[in-house]
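Asker: Residue numbers (the working numbering), protein chains in the order written: chain A, 1 to 547; chain B, 1 to 547.
Do not rely on the hints blindly, as some may be mistaken.
[As the list claims (entries may be wrong)] Here are the simulated lysine to any residue pairs, SDA-like style, with alpha carbons at most 20 Å apart:
no., chain 1, residue 1, chain 2, residue 2
1, B, K245, A, D382
2, B, K245, A, S463
3, B, K245, A, N113
4, B, K451, B, A55
5, A, K328, A, K486
6, A, K533, B, K344
7, A, K6, B, A67
8, B, K408, A, N113
9, A, K344, B, T414
10, B, K305, A, E33
11, A, K6, B, E537
12, A, K344, B, A516
13, B, K344, A, T415
14, B, K344, A, G410
15, A, K405, B, K305
16, A, K495, A, S390
17, A, K16, B, G531
18, B, K344, A, Q409
19, B, K408, B, E295
20, A, K6, B, K305
21, B, K408, A, A349
22, B, K412, A, E341
23, B, K6, A, E341
24, A, K6, B, Q409
25, B, K245, A, L381
[Stated by the list, open to error] What the simulated footprint calls covered on chain B by chain A, stretch by stretch (three residues with Cβ under 8 Å from a Cβ of chain A suffice, anywhere in the stretch; the number is not a length):
no., segment
26, 158-170
27, 527-535
Think of the hints as simulated: they come from the structure by calculation, not from any bench.
Quick caveat: nothing in here was measured; it's all calculated off a predicted structure.
Virtual Cβ for every residue (Gly too), placed ideally from N, Cα, C.
Now for the letters of each chain:
There are 2 protein chains.
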Amino acid sequence: MGTGKKPGSLIEAELKNFKVRRPDVLSSLQQVELLEEKTVLKLHPKAKSDLKEIADNGLLSYKKNGAAKKYPPFKVGILFSGGPASGGHNIIAGLYDALKELNGESQVIGIMNGADGLIKADAKVLTVQDIDSIRNQGGFYLLGTSRTKVEKKESFDACLSTIKKLELDGLLVAGGDDSNTNAAHLAARVKKEGLNCSVIGIPKTIDGDLAYPPYLETSFGFYTAARTYSEMVGNICRDLPSSRKIWHFVKLMGRSASWITLETAFQTQPNIALIGEEIKEKGLTISEIIDEICEVVLKRHKAGKKYGIVLIPEGIVEFIPEIKGLIKKVNAAIVKIGNDEFMKMCLQARREVILVELDESTQRLFASLPQEVQNGLLCGLDPHGNVQVSQIASEVLIMDLVCQKLEKQGIKLTTQTHFYGYDGRCGYPTVFDATYTYNLGRAASLLVASKKSGYLVSLNNLSADVSEWKALALPLAGMMSVEERKGKESLVISKYLVDLRSKAFLEFSSLREKWALEDSYLCPGPIQYWGPKELVEAKSVTMQLNC
Amino acid sequence: MGTGKKPGSLIEAELKNFKVRRPDVLSSLQQVELLEEKTVLKLHPKAKSDLKEIADNGLLSYKKNGAAKKYPPFKVGILFSGGPASGGHNIIAGLYDALKELNGESQVIGIMNGADGLIKADAKVLTVQDIDSIRNQGGFYLLGTSRTKVEKKESFDACLSTIKKLELDGLLVAGGDDSNTNAAHLAARVKKEGLNCSVIGIPKTIDGDLAYPPYLETSFGFYTAARTYSEMVGNICRDLPSSRKIWHFVKLMGRSASWITLETAFQTQPNIALIGEEIKEKGLTISEIIDEICEVVLKRHKAGKKYGIVLIPEGIVEFIPEIKGLIKKVNAAIVKIGNDEFMKMCLQARREVILVELDESTQRLFASLPQEVQNGLLCGLDPHGNVQVSQIASEVLIMDLVCQKLEKQGIKLTTQTHFYGYDGRCGYPTVFDATYTYNLGRAASLLVASKKSGYLVSLNNLSADVSEWKALALPLAGMMSVEERKGKESLVISKYLVDLRSKAFLEFSSLREKWALEDSYLCPGPIQYWGPKELVEAKSVTMQLNC
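Isolated chain A (complex conformation) (with noise of 0.2 Å):
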C-alpha cells in the first residue's frame, strides 16, 4: 500500500486539474473593456477629503469588445490580509493565467505573510509550477498571512518604498473590511505619490460580513466554511432522530455577524438558530433567551422528543446587554492592571484582581457564569486591546443556563457542545468558491492592465449559470461611510450585518417555528466535486434569497 493511495494525495492532484468555468464576459481578456457606470455610489463627505485622489472613482463594468487589445507586461504583487479563507490560492492562479493570457512576460509577485511582507519588501517571484500546485487547493499556504495593519505613516512609506523596489504595475489585497478599509487608504498614498502601481481590494471572510449588494453579493471562503460547517451540523441532525437522547448545542464562527449560522440553519434545518443581530434589535436579555430555548425543548419533550440541536453564532456574547456591559467592564479592569500586567499571572489570580474591581451586580453575574465563560473572560486583551471574545465558551454558557432552568422543573437534559471554526477555513474550495476566486483573479488583472486604482473587484448575477455571471469594480471610496473606532471618527467600510428585513431572515423567520418542533432537519453532506451539476455548482442560499 503505497501513500499514493491515500485520499489526501489522490484528491489534492485532481483538484489540481479541476478546470473551473468562466462567465462569457471574461472569456477572452483581451476583448473585454472597462466602462463607467452611470450610477454613482454615494460618497461620504470625509471619504470626499481623506481619499481625494480616489474619490472620483467611479463604478466599472466589463463589457465585452469585438476589437482584441494588445498589451505591454506587468508586474503585479498580491497578498493576503488576516484569517484564511477558502479560494485564496485561485485568486493567484486566476490572476497569474490572465496576465499571461494579456502578455507573457507578465509576472506575478507573492507578498509573504500579509502586510509584513509588504512593509519588508519580502516578495518572490510565483512560478508556473508555483502555480499549478495550488490551483483550487484551500488554504492560504502559498504565501501565509498576517493581521499586520498599515496605519502608521513609516508604514506606509515602507510600503511604497518596496511598490517602487519590486516595479509593481499593480497590487492586489485580499482580506476584509479592514483590510479593504486599508487598501482604499494605500491606493490614495501610491496615487499622492505619483507612482503608477492599481491598488485593488479582492471581497475576502469566511463572516459573510463583506458585501455591498448589489454590486458586491458575497465574499470569497464564505460558501466553503458555511457548507463544511453544514455538513458537521447535518450529520448531528441524523444523529438526534437515531440516538433520540442528546441535546446539541453547537457555536459557529463568523465574528459579529450571524451570517454563517444563518446560511447553516438553512442548509440544516435545525430546531433552534440565534441570529445575534435580531437579539440586539430586540434587546433581549439573556434570560429572555434561555426562556425561548427552554420553551422549545419543553415542546419537544411533552411530544416525545429528548433531543434536539441549538446554532449560536460565536459573536452572540457581543449582541446580549448584560453581558456587553460585562465585557466591557472586564476589558477596562484589565487595561487598569495593565494587560502584561494581568497575564504573568495564574487564573485564579486573574479571576481575584477582576472581581475587586467590579461592581456588586457584576460580580455576581460573573460568578453565575460557568467555569469556562469565566475563563474565557481572563483570557486577557488581543492586540486591538479588546477582551478575546471568540474565547468566550458561548456554546458553554446557554447549555449551562438552559440546564440550569430546566433541572429546576425536574427535568434532567443529555447535553453535547461543539464548536466548528478552524475547520472550515482552509478545505479545499466549494466549486463556487473556486470559480468565483478564479474570475476575480481573471478581472483584477484588467484593472491593472487599465490603470484603474483603489477599486474592489467583484462579480455579480452569481445566482445565474456562470456562463451569465458580470465582473464589475465598485470603488473603495465609495463604500466607505464613518463609524467610531477607539473613539474616534473612522471612515471604515462597514460590517454587513444580518438585516432583519432581508429576503434571508424573513425566510428564516417563517420557517423557524415549524423547524422547532417538527423534525425537518437536512443532511447536506460533504461537498461534492464530481456528480450532479446542481450539487456540485450548489451556492449559497441567503446568497440567493438575498441577490
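Place chain B on chain A using the hints.
Answerer: Relative to chain A, chain B alone:
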C-alpha cells in the same frame, strides 16, 4: 428559490438512487451455497459449556454454485444496538432486496429501539417505501437504537416470546462486541427452547475494535467516521502553514481503542498522534507524555514553526496509570456516597465531598487538573456504574499541561482544542461502508435461509476490488474468550485494540518522526460519491495495512 435546491435535499435524493456494487460471489443468491470450512476457531471451555447449543458451529464460506435453489418465504427481524454507525440502513436494504430475491413473499420486520423493541414486541413490517427512503442514508433513524442489554432471565423470556409472536425465521443484531456477545447468548437460548429462528450478528462500531482478522477485517461505520474526522483534521492541517501560529489539540472518538486516531493519522499525517495502547504498554506517565509533546513543540519552535497539531484518542485517560488510578478512586467515592445523592448536589458541593474521600496525593493530582477536567470527573456514573470517561476533556488536560510546562521555559503557545465524535456517526456512508453493509445484509439473508444460527456475518478480502470480496460467517462461540467484568469471569468477545506489532502501527511508528518535524500534512477533503474511482471507492488505510 425552492427548498428543492438545497444540497441537503439534493444529495439525499441522489444517494437513494445510488447503486452499490456486489461481489461476484453474492451476485445471484439462489446459486450460492454455504460450505463449512475445515478451519476451526479455538473454542474456550467456558464457551463449550455456556453456549453448548451453538458451540459446534464451524466457519462457513459462501461459494457460487451452478444450480439455482428455490426458497420458501422468510420473516426476518432486524435491530440496531448501541451508538449509531454509518451504513446501518444499507444492512436493512441489502437484507430486504436479498430476501425478496429468494422469495417475493418474504418480509423484513424492523425492531424498534434496539433490544427494547425485542423485549416489548415493538416492531413493524417494513414496506418498499421504507426501504427506498433509507438507501445509502446515514443514521439509524428508521428503527432507532438503545444500549439495553438482554441479560436477565425475564428479558430473555420476553425476547423469546416476541420471536414466537412475530414468527421470526431470523433475527439480525447489528452491534459491537457487547451486543454480539449478547446475540450469542440469545442464539443459544433460542435453540435450547427449540425455536426455529436464526440469530445472526452484524459487526457494527465506529470504534474499529470489533475485528477478527483474517476472517473479520473491519466493522461498518469505522471508515466513514474516521474519514469524516480526517476531513476536519485535514482542513486544520491546511490552516497550520496558512495562519502559522496555532497549536491544535484534537480529541477523537473511539472509546478505549485508538484505531480512529491511527486511521486519521494516516489520512492527515499530523505532527503528533497519541496511541492509548502504546502508552499502556510502555507504562508512560502523564508527565512523560507531556515531555514528549513539548519536545516536538520545542524542535518545531526552533525551526520557526510555531504551529502544529496533536491527535488524542478519546480513551487515552484510561491508559495513563495515575489518571486511571484517580478515576478508580473517584468512582469508589461516588459509589460510597451514592450516585443519586451525588447528582443532586451542585458542582461545588460534589467537588468538596469527593476531595474529602481522596487521599492526600490524589487530592493534589485532582486539584492540579484543569477545571473542565475536574468537572468531567464530577459528572456522576453511567448506567454501568462507571465514571463517564468520555466526559473528561482529555484534550484540554493535555493542552493545559503542555502550555504550563512551556510557559516555565518562557514560551507561550496559542492553542485551540477540538472534539470530533458525534459528527461522524451518522453521515452518509462512504461508498466503502455503503457497499460493505449492503452486502453484509445480502449475505445474512442466506444464513437465515440455510437455518444457521449463532454466527457473525462477514465479508473479507476487502482490500481487493468489490467484485473479488469474499463472504463468510464466523461462529460467535468461537470468537469468545473469558474476561473479568464487574468482578466476575465472563464469556465475551474481546475488544480488538491497537496491536503494537500490527503492520499499521509499525508503519505509523516508522513515519511519525518525519511527520513531527516536517510539514507532511495531507488534506483528504470531503468524501466523494462521484468522480475518480480510486477516490470514490477509497478504504481505510489501517485495514489495508493489517489485512
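Asker: Next, verify each hint and record whether it holds.
Answerer: Tested hints:
{"no.": "1", "hint": "B:K245 <-> A:D382", "in the structure": "holds (14 Å)"}
{"no.": "2", "hint": "B:K245 <-> A:S463", "in the structure": "violated (37 Å)"}
{"no.": "3", "hint": "B:K245 <-> A:N113", "in the structure": "holds (12 Å)"}
{"no.": "4", "hint": "B:K451 <-> B:A55", "in the structure": "holds (15 Å)"}
{"no.": "5", "hint": "A:K328 <-> A:K486", "in the structure": "holds (13 Å)"}
{"no.": "6", "hint": "A:K533 <-> B:K344", "in the structure": "violated (55 Å)"}
{"no.": "7", "hint": "A:K6 <-> B:A67", "in the structure": "violated (41 Å)"}
{"no.": "8", "hint": "B:K408 <-> A:N113", "in the structure": "violated (29 Å)"}
{"no.": "9", "hint": "A:K344 <-> B:T414", "in the structure": "holds (15 Å)"}
{"no.": "10", "hint": "B:K305 <-> A:E33", "in the structure": "violated (45 Å)"}
{"no.": "11", "hint": "A:K6 <-> B:E537", "in the structure": "holds (11 Å)"}
{"no.": "12", "hint": "A:K344 <-> B:A516", "in the structure": "violated (30 Å)"}
{"no.": "13", "hint": "B:K344 <-> A:T415", "in the structure": "holds (17 Å)"}
{"no.": "14", "hint": "B:K344 <-> A:G410", "in the structure": "holds (11 Å)"}
{"no.": "15", "hint": "A:K405 <-> B:K305", "in the structure": "violated (46 Å)"}
{"no.": "16", "hint": "A:K495 <-> A:S390", "in the structure": "holds (17 Å)"}
{"no.": "17", "hint": "A:K16 <-> B:G531", "in the structure": "holds (14 Å)"}
{"no.": "18", "hint": "B:K344 <-> A:Q409", "in the structure": "holds (14 Å)"}
{"no.": "19", "hint": "B:K408 <-> B:E295", "in the structure": "holds (14 Å)"}
{"no.": "20", "hint": "A:K6 <-> B:K305", "in the structure": "violated (25 Å)"}
{"no.": "21", "hint": "B:K408 <-> A:A349", "in the structure": "holds (17 Å)"}
{"no.": "22", "hint": "B:K412 <-> A:E341", "in the structure": "holds (15 Å)"}
{"no.": "23", "hint": "B:K6 <-> A:E341", "in the structure": "violated (51 Å)"}
{"no.": "24", "hint": "A:K6 <-> B:Q409", "in the structure": "violated (38 Å)"}
{"no.": "25", "hint": "B:K245 <-> A:L381", "in the structure": "holds (17 Å)"}
{"no.": "26", "hint": "158-170", "in the structure": "violated (count 0)"}
{"no.": "27", "hint": "527-535", "in the structure": "holds (count 8)"}
Of the numbered hints stated above, those contradicted by the structure are hints 2, 6, 7, 8, 10, 12, 15, 20, 23, 24 and 26, listed in ascending order.
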